[in-house]
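Given chain A, put chain B in place with the hints provided.
Protein sequence lines correspond, in order, to chains A and B.
Throughout the first sequence, residue numbering follows our numbering, covering 754 to 1030 in sequence.
Throughout the second sequence, residue numbering follows our numbering, covering 754 to 1030 in sequence.
It is possible that part of the hints are untrue.
Note that the list lumps identical chains together, so a pair holds whenever it fits in one copy or between two copies.
[Unchecked claim] In silico DSS-like pairs for lysine-lysine, Cα to Cα no more than 30 Å straight-line:
no.: 1; residue 1: 780; residue 2: 848
no.: 2; residue 1: 767; residue 2: 780
no.: 3; residue 1: 780; residue 2: 869
no.: 4; residue 1: 779; residue 2: 767
no.: 5; residue 1: 767; residue 2: 897
no.: 6; residue 1: 848; residue 2: 1024
no.: 7; residue 1: 1024; residue 2: 780
no.: 8; residue 1: 869; residue 2: 1022
no.: 9; residue 1: 1022; residue 2: 848
no.: 10; residue 1: 767; residue 2: 1022
no.: 11; residue 1: 779; residue 2: 869
Quick caveat, the hints were computed from the structure, so don't treat them as lab data.
Protein chains: 2
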Amino acid sequence: MELWFTEEWLPGLKLSVRVTAIVFNKKTKFQDLCIYDTEQLGRILTLDNVIQTTEIDEYIYHESLVHVPLFAHPSPERVLIVGGGDGGSLREALKHPSVREVTVVDIDGDVIEASKAYLPALNSGFSDPRAKVIVGDGPAFVDKARSEYDAVIVDSTDPIGPGQALFTEEFYSSIKRALRPGGLFAAQTESPILMPAVVRDIFRRIGRVFPVARVFTAPVPTYPGGLWSFACASLGTDPNLPARQPNEAWGLRYYSPEMRERAFILNPKMKHDIIES
Amino acid sequence: MELWFTEEWLPGLKLSVRVTAIVFNKKTKFQDLCIYDTEQLGRILTLDNVIQTTEIDEYIYHESLVHVPLFAHPSPERVLIVGGGDGGSLREALKHPSVREVTVVDIDGDVIEASKAYLPALNSGFSDPRAKVIVGDGPAFVDKARSEYDAVIVDSTDPIGPGQALFTEEFYSSIKRALRPGGLFAAQTESPILMPAVVRDIFRRIGRVFPVARVFTAPVPTYPGGLWSFACASLGTDPNLPARQPNEAWGLRYYSPEMRERAFILNPKMKHDIIES
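Only chain A is shown next, with the shape it has when bound in the complex (with noise of 0.2 Å):
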């Protein structure tokens, strides 16, 4: 038998990896989910057939999208994270020694529950003490926050589906009220070179919100196109100074100062397509 998952990255083009075993399968209630592993990615979870993360490269989303924004604040207490349920962002969180508390908000308790069961590269936040676990809708949630967070990011699905209601202005002014001063925030915001003008959209929309707004990339093989975009916005703070710096017992294997400064920089075409256009 030779089983093969396939993602339609856009109409036309596609990426597929050879499924060695079918770890969990389950419809949920608001999505398709499955676990496989695979010769070359290792285990992958996938929801409505989107590869949401791989072991191969999940350390490249989950350090950049985390401690881009962590880094940028002298003393991160409470974190919010909406979205994340396989932990992977959770993880990273946790490693901020500040932290005294990081909520995930995801909509699927299915996704929580199968990375606990099946992703232990990704669940060891979950059983520390400072990891606060809610299942529920990210949006209404956030619209109940004051100044509460120290960091808010949006570790998402694509703007499609369950994702979509994380894309909109009046989620980011929600964030905007839930962040304590000197707060950040931080989002996945698709693929920069296959989708630019989805990426403008999003950041225009940002932008109106924040008045500091920066877009980063970071290199994900397994997502479409293999370069991501980021967001890092703030109140006021510059989200490219770092505040403070890992030391390699965090055996970070993506992030570092050089790295984060790398990632703000845009090439030209990047430029015009998402900033200036």
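Only chain B this time, still in chain A's reference frame:
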């Protein structure tokens, strides 16, 4: 009729793109050459079923490979491109006003002819009077040169089949002899995320020949893993110190002085995998 071109990136991992037209196909003396039109990648050229160049990302690859070495030279006059029959590297090298001659040596004349006929986005350099095109064996050609070039650029296929000879220590030694004082060497060196051991071995060989050898990277969505590595080596010049910079009239889409600096910064895992292991 629905046609797909599928490239096996690694055993068990593949990229597929829908083909709207087969523009050209020939079994040449050396390889199976195809040019396709596609919805998502524009016109693409493949050799032995491996994507060499696509309209959507060739500028990233060619600007990186050519401008990183050439801008490290204060006044490059004579440039040798080994491989590069599609003309993309030639087009970029000719943008440097000091350049008086660019020699392209490609083993497969059919690639050059196909580019002239079907790749208008890449072939403009072939009609420049400073271009000298030779159909022949790259290593044999370089072996005869003594202190003749300000830059030697190896724009090759992968280190299998005809490309294999372009990744040997003997070839790197003959490139060293072919360089004028102050000259630079650059080459594509494969996928640093999916094949770090291959990249490491190439750099060991380059490092045994050149006193200064640096790795740099650029995102190329249609190459395996989406991030690509390159070498820039010299007899002493620091490849990371640009001697000049482009102005807006060059119309560069990827290269800039900031992007150059960015390209040489490696993440901790990649440093370990390629340099320190």
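Hints versus structure:
no. : hint       : result
1   : 780 x 848  : neither (33 Å within a copy, 56 Å between copies)
2   : 767 x 780  : both (23 Å within a copy, 27 Å between copies)
3   : 780 x 869  : within (17 Å within a copy, 52 Å between copies)
4   : 779 x 767  : both (23 Å within a copy, 26 Å between copies)
5   : 767 x 897  : neither (40 Å within a copy, 45 Å between copies)
6   : 848 x 1024 : between (32 Å within a copy, 22 Å between copies)
7   : 1024 x 780 : neither (40 Å within a copy, 41 Å between copies)
8   : 869 x 1022 : between (41 Å within a copy, 26 Å between copies)
9   : 1022 x 848 : between (35 Å within a copy, 18 Å between copies)
10  : 767 x 1022 : both (24 Å within a copy, 28 Å between copies)
11  : 779 x 869  : within (15 Å within a copy, 53 Å between copies)
In the structure shown, a violation is registered for the earlier hints numbered 1, 5 and 7, in ascending order.
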